[in-house]
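Got two chains here, each in a separate frame; can you build the complex from them with the hints?
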Amino acid sequence: MSDTRTVGIVLVSHSAEVAASVAELAKGLAGGGAGVPVAAAGGTEGGGFGTSAELVAAAAASVDRGAGVAVLTDLGSAVLTVKALLAEGDELPPDTRLVDAPFVEGAVAAVVTASTGADLAAVVAAASEAYSYRKV
Amino acid sequence: MLDADFFRRWMTATAASVDREADRLTDLDSPIGDADHGSNLQRGFTAVRATLEKEGPGTPGAVLALAGRQLISTVGGASGPLYGTLLRRTGKALGDAAEVSDEQFAEALRTGVEAVRTLGGAAPGDKTMIDALVPAVDALGESFAAARDAARAGAEATTPLQARKGRASYLGERSVGHQDPGAASAALLIAALVEAAGE
Chain Y
1 MSDTRTVGIV LVSHSAEVAA SVAELAKGLA GGGAGVPVAA AGGTEGGGFG TSAELVAAAA
61 ASVDRGAGVA VLTDLGSAVL TVKALLAEGD ELPPDTRLVD APFVEGAVAA VVTASTGADL
121 AAVVAAASEA YSYRKV
Chain X
1 MLDADFFRRW MTATAASVDR EADRLTDLDS PIGDADHGSN LQRGFTAVRA TLEKEGPGTP
61 GAVLALAGRQ LISTVGGASG PLYGTLLRRT GKALGDAAEV SDEQFAEALR TGVEAVRTLG
121 GAAPGDKTMI DALVPAVDAL GESFAAARDA ARAGAEATTP LQARKGRASY LGERSVGHQD
181 PGAASAALLI AALVEAAGE
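Top to bottom, those sequences are chains Y and X. When we follow this note's numbering, the leftmost residue of the first sequence carries the number 1, and every step to the right adds one. When we follow this note's numbering, the leftmost residue of the second sequence carries the number 1, and every step to the right adds one.
Here chain X stands alone, though its shape is the one from the complex (with noise of 0.2 Å):
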């Protein structure tokens, strides 16, 4: 079972995470993007762990709905609304429950990244975060490790794909080549969930 204590490791391995991979993020983002991924996610996350600190949210859905607030508030990019959105939402189908089960957990994952898919009108193969969050979504009732793979196998996927959402969608053909920034960043979202179990 998972509970309140594991849904924080998350959210702080996410933030270590992010901050060791903040340039390569932005790197990612200079030729296709605005060279902002990185410090725009290391900023949120960092709120996040200081507001997790703070305010020590006693279940699961409470944890990701305060960090998905956090992040709504705190990124100043598209990533914010997107991941705010992501965890928020992914909270709230976690109900009060003081525990929750891995297959819950993938089934709120689900109606998370749901909700992203609305918010930003992606489909799979638009260049975008949904590319590694739906395939480890899929993989989620495997194992984490599964997850993992597959978020990071769907994020490489995306350096041959024309963008079709976000700025990078105005560069038409010259989206090819290089990998999205925000799949990119998503694969190390699902990757912590693997250190946060001790796996």
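Looking at chain Y on its own, in the form it has when it is part of the complex (with noise of 0.2 Å):
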């Protein structure tokens, strides 16, 4: 699976700060993320609370190697920006995902699965499946 292309990992936030923290908490859970490219996608371009679609399409293609590209967002109009960029076709790399999962933990599982040479499927079933980590 060595020469296998790396699934990229976006994350969209409301809050720069969250995004960036986030990103790096996963990699550094990853083992350093072992070649994951992991961008993120937080707030609006002023610096502001919100979401940029420039950000977002940004961020996608930045981590775009050719494998997917796996989305997870916070909520609201970061869930919503971009499935209005996947519906309008061309704004992201082909086989991008929107991710139904938790945050955190979901970048968490996203990147260590993506570190393992998975494919666009697996890590985004290693994210979604995060949701059933129960804490009590």
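FYI, nobody ran anything at the bench for these hints, they're computed from the structure. Model, not experiment: these values are computed from the prediction. Please note: incorrect hints may appear among the correct ones.
In silico lysine-lysine, DSBU-like type, Cα no more than 35 Å apart, as pairs [what the hints assert, rightly or not]:
id, chain 1, residue 1, chain 2, residue 2
1, Y, K27, Y, K135
2, X, K54, Y, K27
3, Y, K135, Y, K83
4, X, K165, Y, K83
5, X, K92, X, K165
6, X, K92, X, K54
7, X, K165, Y, K135
8, X, K54, Y, K83
9, Y, K83, Y, K27
10, X, K165, Y, K27
Written out as structure tokens, the structure is:
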């Protein structure tokens, strides 16, 4: 699997700091991420809370290695913006998927899974399965 | 018949109306939202006005598709993808005709509203922009003025509702007693049709 192209991960949050921190956390917990391309798209272009379609599109393009891109979001406009961009057809790389997953736990699962050379479907499944991890 | 100039006037009139009402929209968004609806839409429609002037799209469909794309890019809140999808899908449904009839426009707008419902998952009665848009589309076959009145009534009727979508839904019963900001801005969008038609 060493010659397999790696799935890219995009983390979209209303906050630039949250997106960047979760990216760092996920890479850290995945042993440095082992070459997984992870990009944060947090906040608006002006630095406020919100979602920027431009930042999302740029982040997705930056992590596309030809194996697909998994996008995880927090809530509200982050979800709707990614869905609207996907509906647009040509705004995001081919094989970009919005993943229905908890943001932090899903990001860790996605990066760890991607670091094994897994394909997009496996990365998406691992992130979604993070919902089933009960804490109490 | 409605030509590209009519749709440009619609967007310009909406931008002017959002400018005038930005403070009211933000005030509505303060008790049950994050107090940015007015400023977000103002930024979005200001950008729409500028890009329409710059690029000069030549058909009704192209005007709305470009306006919608611009809203998705610039608004920064949930209203961006929602209004962006509304205009873009309406524009796509109009195809590349140079002029469209009132009936074709009403049909296209219905397609746009359906796309918004799919995107946001909201149904009538959830206290969202859908509560203004659905009655407006239903009344559009009659006249623009009837659509304006229906949208306004729909927006006002959101006041006693409990929010079931978006950030306001976290407030549960405390969302009751406030008009939904998205329904209020949707009523402005529909009212701008009357201005664009010079009625």
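Checked hints:
1. Restraint check: the Cα-Cα separation between K27 of chain Y and K135 of chain Y comes to about 22 Å, which is no more than 35 Å; the hinted pair holds.
2. For the given pair, K54 of chain X sits about 43 Å from K27 of chain Y by alpha-carbon distance, which is inconsistent with the 35 Å threshold.
3. In summary, the hint linking K135 of chain Y to K83 of chain Y is supported, as the alpha carbons are separated by about 29 Å, within the 35 Å threshold.
4. Restraint check: the Cα-Cα separation between K165 of chain X and K83 of chain Y comes to about 16 Å, which is no more than 35 Å; the hinted pair holds.
5. A distance of roughly 27 Å separates the Cα atoms of K92 of chain X and K165 of chain X; the hinted pair therefore holds under the 35 Å criterion.
6. Restraint check: the Cα-Cα separation between K92 of chain X and K54 of chain X comes to about 21 Å, which is no more than 35 Å; the hinted pair holds.
7. Proposed proximity of K165 of chain X and K135 of chain Y is supported: the alpha carbons are some 27 Å apart, at most 35 Å.
8. Distance restraint check for K54 of chain X and K83 of chain Y: the Cα-Cα separation of roughly 27 Å lies within the 35 Å cut-off, and the hinted pair is therefore satisfied.
9. For the given pair, K83 of chain Y sits about 25 Å from K27 of chain Y by alpha-carbon distance, which is consistent with the 35 Å threshold.
10. For the hint pairing K165 of chain X with K27 of chain Y, the CA-to-CA distance comes to about 33 Å; that is within 35 Å, so the pair holds.
Violation of the numbered hints given earlier is confined to hint 2; every other hint is satisfied by the structure.
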